[in-house]
Amino acid sequence: MASVWVFIEEEDGAPATVGLELLTKARSLGDVTVVYSGPGSDQAFATLGEHGAARVLHADPGDALPSAPVAAAIAARCESEAPDLILFGQTYTDRDVAGRLAARLGRSVLSNASDVELRDEAVVTTHEISGGTQIATAEVAGEKPHIVLVRPKSFPVEPAGGGAPQVEKLDLPDVGRSAARIVEHHVEEREGPQLEDAAVIVSGGRGLGSAEAFGMVERLAKLLNAATGATRAIVDAGWVPYAMQVGQTGKTVKPDVYIACGISGAMQHLVGMKDSKTIIAINKDPDAPIFSIADLGIVGDVHNVLPKLIEALENR
Amino acid sequence: MQVVVCVKQIPDPSGTYTLDPETHFLVRPDEQVLDDTDRYGVEMGLQIAQAHGGSVTLVSMGPKGSMQGIRQALAMGADRAVVVDDADLKGSDALTTAQVLAAAIQRTGFDLVITGTESTDGYSGVVPQMLAELLDVPALTYATEVEARDGKVTINRQTSAGYDVVEASLPAVVSVTAGVVEPRYPTFKGIMDAKKKEVEELTASDLGVDTSLRQRVTAVEPAPEREAGVKIEDDGEAHLKVVELLQQKKVI
Chain A
1 MASVWVFIEE EDGAPATVGL ELLTKARSLG DVTVVYSGPG SDQAFATLGE
51 HGAARVLHAD PGDALPSAPV AAAIAARCES EAPDLILFGQ TYTDRDVAGR
101 LAARLGRSVL SNASDVELRD EAVVTTHEIS GGTQIATAEV AGEKPHIVLV
151 RPKSFPVEPA GGGAPQVEKL DLPDVGRSAA RIVEHHVEER EGPQLEDAAV
201 IVSGGRGLGS AEAFGMVERL AKLLNAATGA TRAIVDAGWV PYAMQVGQTG
251 KTVKPDVYIA CGISGAMQHL VGMKDSKTII AINKDPDAPI FSIADLGIVG
301 DVHNVLPKLI EALENR
Chain B
1001 MQVVVCVKQI PDPSGTYTLD PETHFLVRPD EQVLDDTDRY GVEMGLQIAQ
1051 AHGGSVTLVS MGPKGSMQGI RQALAMGADR AVVVDDADLK GSDALTTAQV
1101 LAAAIQRTGF DLVITGTEST DGYSGVVPQM LAELLDVPAL TYATEVEARD
1151 GKVTINRQTS AGYDVVEASL PAVVSVTAGV VEPRYPTFKG IMDAKKKEVE
1201 ELTASDLGVD TSLRQRVTAV EPAPEREAGV KIEDDGEAHL KVVELLQQKK
1251 VI
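Listed in order, the protein sequences are those of chains A and B. Under the working numbering, think of the first position of the first sequence as 1, with each following residue one higher. Under the working numbering, think of the first position of the second sequence as 1001, with each following residue one higher.
Worth flagging that the hints you see were computed from the coordinates, not collected in a lab.
Taking lysine-lysine and the DSSO-like style, the derived pairs with C-alpha atoms no more than 30 Å apart in a straight line are:
#1 K308/A <-> K1250/B
#2 K1241/B <-> K222/A
#3 K1231/B <-> K222/A
#4 K1231/B <-> K277/A
#5 K277/A <-> K1250/B
#6 K153/A <-> K1231/B
#7 K254/A <-> K1250/B
#8 K254/A <-> K1249/B
#9 K1249/B <-> K308/A
To be clear about the criterion: a stretch of chain A counts as covered by chain B if any three or more of its residues have a C-beta under 8 Å from a C-beta of chain B, and this derived list gives those stretches:
#10 101-109
#11 178-189
#12 291-297
What you are looking at is a predicted structure, and each value in this text was computed from that prediction instead of being measured. Yeah, the Cβ is synthetic: ideal placement off N, Cα and C, and Gly gets one too.
The following block holds chain B by itself, in its conformation from the complex (with noise of 0.2 Å):
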């Protein structure tokens, strides 16, 4: 089974995002990380590559930096990564961005893809569907459980009463959530093994993908704020003004 994972690099999330101040793209330091909810989607990869046969490649658009996110996901035990970086990318949006995974893909050969659901410094949240169409294949989304074999692919997709099962052939995409398995932490071998890993450099007309931009943000500015209200120490008897509050808002 060739399982291909898509994964994003993204600026540290713990810190604050800096927008640059004439295009409003997202400034992108050298050193970005692996997004946290793709780790869900490697450890998916891994396992299923592992109970069947087979290998994980990793596939990443994006300014390639150091390359520190891309190594996490190889030190889980990726088997090789190709990335795509291209300064014409530079603000590409959700459909660019599928067009260029989906040519990547293509190139690699592919039995499953595995992405988020969304990535967590743009939320677009439509690149796995944009990809499933790019690719003529299935989009079985919001797994939060997946088996894959003998020529098929079966999740659970979280729907907002419950979810569902969903059942296809494969080849598929599959956009699976945090928690769908509970990712490894890289071992002391797999991080030293990661160095010596394949990792190929691809740009946009490698791909034969057009970069330029459809979309264009003219304006970010404050938000009004909200006026600010009492911020108390509890001194063990805070909790009465929480009762007070409620009785104010007739809550109770």
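Chain A with its partners taken away, still in its complex shape (with noise of 0.2 Å):
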């Protein structure tokens, strides 16, 4: 059997989403150990535990910035105990201790993966590029561990009913020079459904014009008690926070239904949304390549449609 190990970031103290998704999947693939990084709790580890791990190396780095010490203790650990494989998520965290990782132990790390297998001593990795249009296949052969990056909900979280995992501390090094300290949390105050688990969400593009004009997209969303996300476009111009950010550089959301308002489709955005279940898009380009995926693809003005959809929402 392979040893197959996975990162996992405590948050809201309750492991990351996206580490039970990669759990799951290890339990194909191996002998499952988790790295949980976090202040972490008796239920936390019975929730490893129910997902398939059977033992747990716990990080705890306190006010440290995790990424030096996490790493540093992992690299240690790698040279006594020789995992085959190492799964972390596309997330901050995740690629902050990836990236130091790999670079102490020398590795290669494949980044944004959708799927990962173990074909003999390689790791064999899949990837969605050009905003989804193709599939890519990329393989490390080499020296282990293998180190691969995946994209969020790249598998659903099925629990295995396992009981509570064996528990074992994993001493942070004193890393010199190279530590951070975190001095101060802030949480932005969110309201409505959560991006990453709405069923419905309202985005707005570049073609809304004006940062006044995602008011629109505000309303439609409440409207649908859906959830709102932006492209990266308007992001960078400062029009809405970086958390509302949709695609490669954002989140990836497979929500029921996904209202594309004044987005044409740029490649970063599509690789973020286009699995959503229902892709209805409004834009005034009768070319924009958001239409070539919409299952309702509406030619003409976002000032024109939704105003009078969003009226005849009101009026129901």
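Bring the two chains, given one by one in their own frames, into a single complex with the hints.
Next comes the structure, spelled out in structure tokens:
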């Protein structure tokens, strides 16, 4: 059996969802050890056990920025235990730890994978490229562990019904001048459903023309109890906060219904939302790429269509 | 303060990317542009160097081509550039890239290294962290605000819930998100000056970096296409089609 490690960060006192997705996948690849980063609790460990972790290596970085000390601790363990594969999510802290770990061990990192397999001595990964219009297969042979970053929502979360795992403390070394400290946490208040788990998402793009026009997206979202999303273009333009960004550099979403307003469908955006069950697109340009994946495409100005749609919904 | 900003020249992202049919490597035209996300790093670097005294050196890896992208960043005000161009680096992974950048940066000297969070053509998203590990400095990542002075750097680090304030001692690597600062447009004088600025060209062997490839793309295939839907012109009543579909999907 291959030895597969899964890095999981604690989020709001529980294992991050992407971690449970990876854990579900990892069960089919070999014996699973979770490297858990965060304060930890019996409940969190029980959740890991339920999803198939037999063993947990628990690292608690406290107020240290996890990347340097946690990567150093994992690297030290890799020497004594030689895992075949370490899985991370394509998320902020996971990227930080994976990058430092790989540099420390001198290993390649396969990023943005949507699937992963072990074949003989190699790891083989699948990547959606060019906005998801092409599928690339990549391979790394050579020295282990292989390190792979997987995009969130690539695998479903399925409990395995396991009991409490064996938990072992992972001591964090002093990383000297690589240390950084978290001095404050800020939680941004967000109303309504969250992007990652909303059944319906209404998103806006540059076709809205101005930051003020994003108000229409918000009104429509409220009427549908939907989350609001945005393209990178309007996040970069400062119309809406980064937390709303859907796409390659933002969040990956798979809602039941995705309504794209004034979004042309840059590759960067499509890869984050193309697996939505139903896609509705409103855009002026009949040749906009978004129409190639939309179930219902309306060639029209958002400034005409959205007010009417909002009014029709309000009058129901 | 010695500031290094890592920048990348990429094929114009508004066009389509072509992959070499045999190697599956990205085909890079002679005319490449500055990755738009790097403009934020360059601006941040310039502001810090201007506020506290110091210089901004650009470090870049990749085929230099016409150098249009590098000149763009120099025209914004960076003092000089180091470009590592070597045919053997074609198809390099994030680690080789980080090893090259780290070696070039060591050679230049630095107090602060600024990068984007990921490139627009490669998206591996781990080069800044690798770079920090190789330089043995902290990686303060996904910064939406940066303050560097008195041997210390403090950032607001984007998180999924909001942001954290993170601090560390210099030297350090900071990766910045788009929007961290408003990038300036090059002035005419800046564009003219950029033509005269020093650009040092290096190869991988100058830096002693092993260029053997670790990963390989074995296949690229078209993804299964999504079934084509309905496309209609808005005749003033198109919103009713949306209402109908939302009802059908039981959203309303």
